[in-house]
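Asks: The primary structure of each chain is shown beneath.
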Amino acid sequence: MKIEILGVGCPKCKQLTANAEAAVKELNIQAEIGKVTDIDKITEYGVMMTPALAVDGTVVSAGKVLSKDEIKKLISK
Amino acid sequence: MAENNCMCQEAGVLIFPCSGGSDVGELSDKVARKMAKCGQAKMFCLAGIGAHIPGMIESAKAANKIIAIDGCQVLCSKKILEHAGFSPISFNLKDLGFEKGKTQVNEENIEKAANKISGGKIEKTTIRDSGGCCGN
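First to last, the sequence lines map onto chains C and U.
First residue of the first sequence: 1, per my numbering; consecutive thereafter.
First residue of the second sequence: 1, per my numbering; consecutive thereafter.
Just so you know, these hints were derived from the structure itself, not from any lab.
Careful, some of the hints might be misleading.
As the list claims (entries may be wrong) - 30 Å max Cα-Cα, derived DSS-like pairs, lysine-lysine: (1) U:K42 - C:K64; (2) C:K2 - U:K61; (3) U:K42 - U:K30; (4) C:K41 - C:K12; (5) C:K68 - U:K116; (6) C:K12 - U:K42; (7) C:K25 - C:K35; (8) C:K41 - U:K112; (9) U:K61 - U:K102; (10) C:K64 - U:K37; (11) C:K12 - C:K25; (12) U:K94 - C:K14; (13) C:K14 - C:K41; (14) U:K65 - C:K77; (15) C:K12 - U:K37; (16) C:K64 - U:K65; (17) U:K61 - C:K64; (18) U:K42 - C:K14; (19) C:K77 - C:K35; (20) C:K12 - C:K73; (21) U:K112 - U:K37; (22) C:K35 - U:K30; (23) C:K41 - U:K65; (24) C:K14 - U:K112; (25) C:K41 - U:K100; (26) U:K42 - C:K25.
Given the sequences, and given the hints that come with them, work out the whole structure.
Replies: Put into structure tokens, the structure is as follows:
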């Protein structure tokens, strides 16, 4: 599984990254967590509000800092 | 790092004009752009919602309020948004007195429609230093 955090690197993006890392750890799954900070690349995803979260190339959330539990629900679907 | 380019600000009010091919479709587009320029709302891409681009849909979900502006009673913008699961506040320019095929797309009508939609918040003097806003 590939999880991407889309955002230019502000505190909200960092918090979302930390929450995603915690969710992956708790679920004990294999996942690669990456960051997309380039605005052009973020826009290519159609994202207009950050931070956003993409799972295996599909944006599943934008414009909010999901909690660890919300991320767990999304990635265990 | 890149603070000025941060896209993390609150989504606020998003506005989706139908931007249709008729005079009132064009008016809807220009009204939305005027409202965006004046800081009343952020203009968003209805085409991206219609295409079900996940990033666009998820970004729109972050909005506090979604406004659809349609030129006529076909209400394409409202219906596209509803099809994507949103419940927009809908404005039909026909209900605001703009008749399809009989409407001039000029500054007077753009301002008149924008004022009706925004509840009179669009003023000629708003955001002067941004240049070209609100009739300036």
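Asks: CA of K41 (chain C) to CA of K100 (chain U), is that 30 Å or under?
Replies: 40 Å, violated
Asks: Given the proposed pairing of K65 (chain U) with K77 (chain C), does the C-alpha separation stay at or below 30 Å?
Replies: 29 Å, holds
Asks: Given the hint that K112 (chain U) pairs with K37 (chain U), does the C-alpha gap stay at or below 30 Å?
Replies: Roughly 15 Å between the alpha carbons, so the hint for K112 (chain U) and K37 (chain U) holds.
Asks: Regarding the pair K64 (chain C) and K37 (chain U), is the alpha-carbon distance no greater than 30 Å?
Replies: It holds: about 25 Å lies between the C-alpha atoms, which stays within 30 Å.
Asks: Against the 30 Å threshold, does the CA-CA distance of K25 (chain C) and K35 (chain C) hold or violate the hint?
Replies: 17 Å, holds
Asks: Keeping to a limit of 30 Å between CA atoms, is the pair of K64 (chain C) and K65 (chain U) held or broken?
Replies: Within the cut-off at roughly 15 Å; holds.
Asks: Is K12 (chain C) within 30 Å of K42 (chain U), Cα to Cα?
Replies: 21 Å, holds
Asks: With the threshold set at 30 Å, check whether the alpha-carbon distance from K61 (chain U) to K64 (chain C) stays at or below it.
Replies: The given pair, whose Cα atoms are some 10 Å apart, holds under the 30 Å limit.
Asks: Is it true that the CA of K42 (chain U) sits at most 30 Å from the CA of K64 (chain C)?
Replies: Judged against 30 Å, a Cα distance of about 17 Å means the pair holds.
Asks: Does K61 (chain U) pair with K102 (chain U) here, judged by a C-alpha cut-off of 30 Å?
Replies: Answer violated: K61 (chain U) to K102 (chain U) is near 36 Å, above 30 Å.
Asks: Does K42 (chain U) pair with K30 (chain U) here, judged by a C-alpha cut-off of 30 Å?
Replies: 13 Å, holds
Asks: Are K12 (chain C) and K73 (chain C) close enough, with their CA atoms no more than 30 Å apart?
Replies: Answer holds: K12 (chain C) to K73 (chain C) is near 20 Å, not above 30 Å.
When the structure is compared with the earlier hints, violations turn up for hints 5, 8, 9, 12, 22, 24, 25, 26 and for no others.
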